[in-house]
Amino acid sequence: MAVEVRIPTILRPYTGGERAVDADGTTLSALIDDLEANHEGLKERLLDGGELRRFVNVYVNDEDVRFTGGLETALSDGDTVVILPAVAGGAA
Amino acid sequence: MLTILREHVEAIVAHARRDHPDEACGVIAGPIGSDRPERLIPMLNAAMSPTFYEFDSGDLLRLYRDMDDRDEEPVVIYHSHTATEAYPSRTDLNLASEPGAHYVLVSTRDGAHESGPVDFRSYRITDGEISEEEVRVVDRYTEESTTADPAVPETEGDN
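Keeping their order, the protein sequence lines are chains G and D. First residue of the first sequence? That's 0 in numbering that gives the first Met the number 0, and the numbers climb one at a time after it. First residue of the second sequence? That's 0 in numbering that gives the first Met the number 0, and the numbers climb one at a time after it.
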C-alpha cells in the first residue's frame, strides 16, 4: 500500500528536495516510522516525546489528525497526508 | 531587500489597526521563485490574542492548497505586535517555518493603532538567525523592481 505524503519546504532537505514522497503504514504512527526509515531525521521534526509537535499540522485526506485520533489515525491505500508547519508567532 | 506594493503596505497597516489590540496576521503570495508579493491574503488570528498569532489549521490547509494550485508560495508572512517593537520575538524566531519568506512585522504600539506612523519592517529568518532587510515600496512592479540591481534608482519611496 502507498500513502502520498506532501512535504513542506522546510522539511524537504530530508527528502532530497522532493515535494511529495510515498510511505507505508496502517496508522499515522506507523507511517512516520516508515518515513524515518527512508528519510532519517524527519521523525524528530514531527514528534516530541512521542507526541505530534504542537506547531506541526498533519492532515489525512484534508482532516487535521488532532480531530481524528492523532497518531492512531488509520490510513488506507491511496490516502493523502499533508504536513504543514503552523504559521504562528507573536510578541509573547 | 523586500520590494512591496504601496497598496499592500497600506492594507497590512489597516489590518493591524483594525485588529488591535490583538495581533493581526496574513500572507502575500506570489509566483514560485519570483520573490514578488502579488496576492494579499489577510488571515484570521485563531489565537485572538494580543501576544500571539496562529493561522487556523483548516485555513492553513486551504491557503497552501490554493497557493499550490496557482503555482504560488508565501513571499511575505506578516503579523503585528501591539505593545512591543516591530522586531521578531523569540517565539517568532522559534516558529519561523518558511525560510524563503520575508517576515514583515508592524507595530501598533504607543497609539499607532489610531494615528501616526506604524513601524513597518522586514526580516529574513533562517536557521535561527534574524536579519533585517531594506523595504522598498513601489506603486507597481516593473521588470527591474524585483531584482536587486543596484543600478535601479530607488525613487518610488522608501517608506
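Simulated from the structure, these hints should not be mistaken for laboratory data. Watch out, some of these pointers could steer you wrong.
Non-contacting residues of chain D with respect to chain G, defined by C-beta distances greater than 12 Å in every case (computed) [stated by the list, open to error]:
#1 Leu4
#2 Arg5
#3 Glu84
#4 Glu131
#5 Glu142
Per label pair, the in silico range of CB-to-CB distance [stated by the list, open to error]:
#6 G:Gly49 x D:Glu133: 42 to 48 Å
#7 G:Gly48 x D:Pro98: 39 to 45 Å
#8 D:Asp68 x G:Gly68: 48 to 54 Å
#9 D:Glu131 x G:Thr79: 36 to 42 Å
#10 G:Thr25 x D:Asp126: 33 to 39 Å
#11 D:Arg61 x G:Asp23: 51 to 57 Å
#12 D:Glu142 x G:Phe66: 44 to 50 Å
#13 D:Ser114 x G:Asp21: 41 to 47 Å
#14 D:Pro116 x G:Gly77: 31 to 37 Å
#15 D:Gly115 x G:Gly77: 33 to 39 Å
#16 G:Glu62 x D:Ala82: 33 to 39 Å
#17 D:Ala82 x G:Thr14: 36 to 42 Å
These numbers come from a predicted model, not from an experiment. We treat Cβ as the ideally placed atom computed from N, Cα and C, and that holds for glycine.
Checked hints:
No Cβ of chain G comes within 12 Å of the Cβ of D:Leu4; the nearest lies about 21 Å off, and the non-interface call holds. Consistency note on D:Arg5: stated as away from chain G, and its beta-carbon is indeed over 12 Å from all of that chain's, at 24 Å minimum. Against the 12 Å criterion, D:Glu84 falls within the reach of chain G, whose nearest CB is about 9 Å from its own CB. Once the 12 Å rule is applied to beta carbons, D:Glu131 is consistent with being away from chain G; the minimum gap is 16 Å.
Separation of D:Glu142 from chain G is adequate, the least Cβ-Cβ distance of about 26 Å exceeding the 12 Å criterion. Restraint check, G:Gly49 to D:Glu133: a C-beta distance of roughly 44 Å satisfies the suggested window 42 to 48 Å. Separation of G:Gly48 from D:Pro98 is about 25 Å and departs from the stated range, judged on CB atoms against 39 to 45 Å. Here the CB-CB span from D:Asp68 to G:Gly68 is close to 29 Å, at odds with the stated 48 to 54 Å.
A C-beta distance of roughly 38 Å is found between D:Glu131 and G:Thr79, which places it inside the suggested range of 36 to 42 Å. A hinted range of 33 to 39 Å holds for the C-beta pair G:Thr25 and D:Asp126, which are about 36 Å apart. A C-beta distance of roughly 28 Å is found between D:Arg61 and G:Asp23, which places it outside the suggested range of 51 to 57 Å. A beta carbon spacing of about 47 Å between D:Glu142 and G:Phe66 agrees with the range 44 to 50 Å that was offered as a hint.
The hint said 41 to 47 Å for the Cβ distance between D:Ser114 and G:Asp21, and at roughly 56 Å that hint is violated. Take D:Pro116 and G:Gly77: their Cβ atoms lie about 54 Å apart, and the range 31 to 37 Å is violated. About 56 Å separates the C-beta atoms of D:Gly115 and G:Gly77, a value inconsistent with the hinted range of 33 to 39 Å. Distance hint check for G:Glu62 and D:Ala82: the Cβ-Cβ separation is about 36 Å, which falls inside the suggested range of 33 to 39 Å.
Between D:Ala82 and G:Thr14, the C-beta spacing of about 40 Å keeps the proposed range 36 to 42 Å intact.
Figure legend: structure checked against the earlier numbered hints; hints not met, in rising order: 3, 7, 8, 11, 13, 14, 15.
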